[in-house]
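Here the protein sequences line up with chains A and B, keeping their order.
What the first sequence shows, in the working numbering, is residues 1 to 114, in sequence order.
What the second sequence shows, in the working numbering, is residues 115 to 227, in sequence order.
It is possible that some hints are incorrect.
[Claimed, not checked] Pairs of lysine-lysine residues, derived as DSSO-like cross-links and limited to a Cα-Cα distance of at most 27 Å, are as follows:
1. B:Lys-117 with B:Lys-167
2. B:Lys-185 with B:Lys-171
3. B:Lys-169 with A:Lys-2
4. B:Lys-127 with A:Lys-42
5. B:Lys-167 with A:Lys-56
6. B:Lys-127 with A:Lys-56
7. B:Lys-171 with A:Lys-2
8. B:Lys-132 with A:Lys-42
9. B:Lys-171 with B:Lys-184
10. A:Lys-42 with B:Lys-185
11. B:Lys-185 with B:Lys-167
12. B:Lys-185 with B:Lys-169
13. B:Lys-167 with A:Lys-2
14. B:Lys-184 with B:Lys-169
[As the list claims (entries may be wrong)] With the C-beta cut set under 10 Å, the calculated list includes, among others, these residues of chain A facing chain B:
15. Glu-15
16. Gly-16
17. Tyr-25
18. Arg-28
19. Gln-38
20. Glu-45
21. Arg-101
[As the list claims (entries may be wrong)] Anything over 12 Å on all C-beta distances counts as not near chain B; from chain A, calculated:
22. Gln-6
23. Tyr-51
24. Gln-64
25. Ala-68
26. Thr-86
27. Ala-90
28. Asp-94
It is worth saying that the hints were derived from the structure and are not from the lab.
A virtual CB, placed ideally from N, CA and C, is assigned to each residue, including glycine.
So you can see what is in the structure, the chains are spelled out below.
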Amino acid sequence: QKEVEQNSGPLSVPEGAIASLNCTYSDRGSQSFFWYRQYSGKSPELIMFIYSNGDKEDGRFTAQLNKASQYVSLLIRDSQPSDSATYLCAVRADRGSTLGRLYFGRGTQLTVWP
Amino acid sequence: DVKVTQSSRYLVKRTGEKVFLECVQDMDHENMFWYRQDPGLGLRLIYFSYDVKMKEKGDIPEGYSVSREKKERFSLILESASTNQTSMYLCASSPPFANTEAFFGQGTRLTVV
């Protein structure tokens with residue numbers, strides 16, 4: 001069973017701060033990593049994906065991947081109250097009988113207070 | 115835009131009823147998935163399918179079955195609904211290629227009374 005672990009929340013930061021969300025995974029062969037945001041009562045929506053070691057930036061979001069440490073993180077700069085949501089880390093199985101399946105962490109609930 | 119559409123946003127069913135949850139995607143994706151989501155437990159995979167008439171059990175298939183007669187449609191069936199199947203059900207689809215994400219439907223909130 002492939003495992004994806006996220007830092008336990010909830011996480012609470014003031015508006016304008018940097019929010020840091022962390023995720024570790026057990027399958028060393030994983031190649032594709034995703035961050036989804038889920039507002040209460042809504043379905044998950046993709047906000048970032050990363051496939052290569054290092055950093056990937058998209059606006060206020062930065063995903064960081066370290067395959068040697070089996071670690072992926074999401075940084076949200078200049079956090080806004082509208083960023084308050086649950087963030088789900090997902091790792092895709094890229095080989096074998098489960099090819100294409102996404103394994104999800106349990107999520108980290110983020111609250112950004114004004 | 116990719117669209118994954120679930121047939122109902124909210125459903126209330128009685129214990130013992132047979133329940134059908136329908137999911138349709140319009141992007142010709144090979145992969146389709148059914149998850150349930152419960153507080154504190156995250157997203158758990160019930161069943162997935164890589165092709166028409168093909169299905170694979172996920173982590174929690176007990177009490178569920180699925181049907182995929184056409185590529186765009188993936189149905190989840192609760193053979194005899196029970197109160198512990200009250201949950202949010204999420205359908206997703208994805209292409210078969212590496213480095214591609216899954217797209218989710220809007221979810222069905224099922225309550226079994």
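Here is how each hint holds up against the structure:
no. : hint                     : in the structure
1   : B:Lys-117 with B:Lys-167 : holds, 21 Å
2   : B:Lys-185 with B:Lys-171 : holds, 18 Å
3   : B:Lys-169 with A:Lys-2   : holds, 20 Å
4   : B:Lys-127 with A:Lys-42  : holds, 21 Å
5   : B:Lys-167 with A:Lys-56  : violated, 38 Å
6   : B:Lys-127 with A:Lys-56  : violated, 45 Å
7   : B:Lys-171 with A:Lys-2   : holds, 15 Å
8   : B:Lys-132 with A:Lys-42  : holds, 25 Å
9   : B:Lys-171 with B:Lys-184 : holds, 19 Å
10  : A:Lys-42 with B:Lys-185  : holds, 25 Å
11  : B:Lys-185 with B:Lys-167 : holds, 9 Å
12  : B:Lys-185 with B:Lys-169 : holds, 12 Å
13  : B:Lys-167 with A:Lys-2   : holds, 26 Å
14  : B:Lys-184 with B:Lys-169 : holds, 12 Å
15  : Glu-15                   : violated, 26 Å
16  : Gly-16                   : violated, 29 Å
17  : Tyr-25                   : violated, 14 Å
18  : Arg-28                   : violated, 16 Å
19  : Gln-38                   : holds, 9 Å
20  : Glu-45                   : holds, 7 Å
21  : Arg-101                  : holds, 6 Å
22  : Gln-6                    : violated, 9 Å
23  : Tyr-51                   : violated, 5 Å
24  : Gln-64                   : holds, 17 Å
25  : Ala-68                   : holds, 20 Å
26  : Thr-86                   : violated, 9 Å
27  : Ala-90                   : violated, 8 Å
28  : Asp-94                   : violated, 5 Å
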